[in-house]
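Construct the complete structure from the given sequences, taking the supplied hints into account.
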Amino acid sequence: MSGLEEVAKQVRADVLQMCHTSHAAHVGSSLSCVDILVTLYYQSARVDPAAPTARDRDVIIVSKGHAAAAYYAVLANRGFFSRSILSNYCQDGQLLGGHVTSGLIPGVELSTGSLGHGLPFGVGVAIAQSLTSGHRRTFVLVSDGECDEGSTWEAALQAAHFRLGNLVVLIDRNRLQSLKDTESTMRLEPLREKWMSFGWEVVTVDGHAIDQISACLEQLRDSTKPTVLICETVKGKGVSFMENQVEWHYKSPSSTELAQALIEINHEE
Amino acid sequence: MRNEFVAALEEQARNDERIILIVGDLGFGVVDSFANLFPSQFYNVGVAEQSMIGIAAGLASEGFRPFVYSIGNFPSMRCLEQIRIEVAYENSDVCIVSVGAGLSYGTLGYTHHAIEDYACMSALPNMSIITPADAFEAAAFVEWHSSCNGPKYLRLGRGGEPNLHTGPVKLKEGQPLLVYEGTSGVVLSCGALTSDLVREAIEIDDKFGNSPHIFSCPFSNSFDQNTLDWIARLKCVGVADESVSRGGFGSFVRERLAGMKANTQTICLSLNEPLVKAVGSRGYLLERMGLGTSEIRNFLLEVSRRSIGESILR
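Protein chains in written order, with my numbering: chain A, 1 to 269; chain B, 1001 to 1314.
By construction, these hints were calculated from the structure, which means they are not laboratory data. Fair warning: this is a prediction, and the values are worked out from it, not measured in the lab. If a hint is listed, it holds; no wrong ones were tucked in.
What the simulated footprint calls covered on chain B by chain A, stretch by stretch (three residues with Cβ under 8 Å from a Cβ of chain A suffice, anywhere in the stretch; the number is not a length):
1. 1034–1046
2. 1049–1060
3. 1071–1085
Glycine included, every Cβ here is placed at the ideal spot set by N, Cα and C.
Rendered as structure tokens:
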């Protein structure tokens, strides 16, 4: 255990509270990628909250911009900005919107929310890194539904063609998208083979096992190919009545649901 | 003008490693020299315009100065949302180059005619639209770009346009350039159509001696304050562009004048609507779609007639 599980619990609690207070959607999508983001920001990526635009930083792009609550909660807990700002999520005139918006708070590399934008941008960043430094990495978190987007596959071709070994894609493979499960919406499987055939190094990991994600990212540090981690996750992870329920792509928890959810989060081993 | 543009870009790239040329698998015979001279500053990303814009924005976020090169609507309308999010709103230092402005690609058909791109780009924040009228202006753009960051959309002719200037020019943001000295009235134009206007203006002056002055507006969605004040003092101004009228260069001028509550009459010359799916060369299509010789002549004479006795001193 890395000790980061406690951080992840705090982030989940923040996400639930934020979505409850602001009546915001996408709580399920946020809960599914918390452990991936915590791994990146606390362990695997070189980031410095005191110098969020440092020239030697690794770049993390959250392409699934609807997971803004999780992203913002991780940034705040990591120290990029005050946790007190989280309580203003989606409030008029404040800094944190329902989709990731750059330029308002430190740490956000790109505005996202329209899917399929993060990976092409990440390819550009990774090319730039390869031209200027041999050590920096680019991480792009994409949703599995986002693999429906043609622009994602354009970038998948390009990253392999340009041999961007410093580029890592993490797919939040929670298997649920906007209306129903990914396979009956638009079949993605065999997803692993698809990425492999595009020329990527592909590893499947438990997307809630911080140590596993972290070890994998370390192992792949010197890859000569771009890498994709298919992170097997559960949408709504940590809250029994939200897990694998498509409605929690939209609903925000009531007071009673929030209280129950927080109990479950805090008692989870 | 595309060859002169690329030649000027080569000179910039020689001294500035931040210049990156990205092409969407286009530019045969045009970008080869750049690719050979600066292989580490050249990327062909394939036939993939959406990601091409994303890649350029990613490079710009790291301090590079990418140029994205493609033709017609491919680097504009095909990837409009990428331009909106990654380039315009992020105020990225990306220059999008579209070769084949207007009806340049004639017989290749309407899939290749860039006649609504101006309207799309002008709706985006931070976006400078630059439409050179000849090769000197295209080359001067590269020089201007070297000291000016931010999103840019450069509309180039296909090549072979006549020169309107007699030698190198210098661009100043928001300022039109006089390309034909007439007698009565002012016409603002941009792009390759400008040379068609000049050709007809010469004819008019030969016969009647009363053609308007013609100005090229390479900065085709911005005027500096002096220029605006000057236009607002005119009785009449003619505005011409090889685009659709709605949201085109003429709309831009009219909006600016309306915002100033100016009394200047505007006469706009643009493509007739409804648009037609006609087959033919640029010249044929201009005749077919409202920008033919007689329309241009009537337009110039009308501007001249309404401006009689007016000084156009700026």
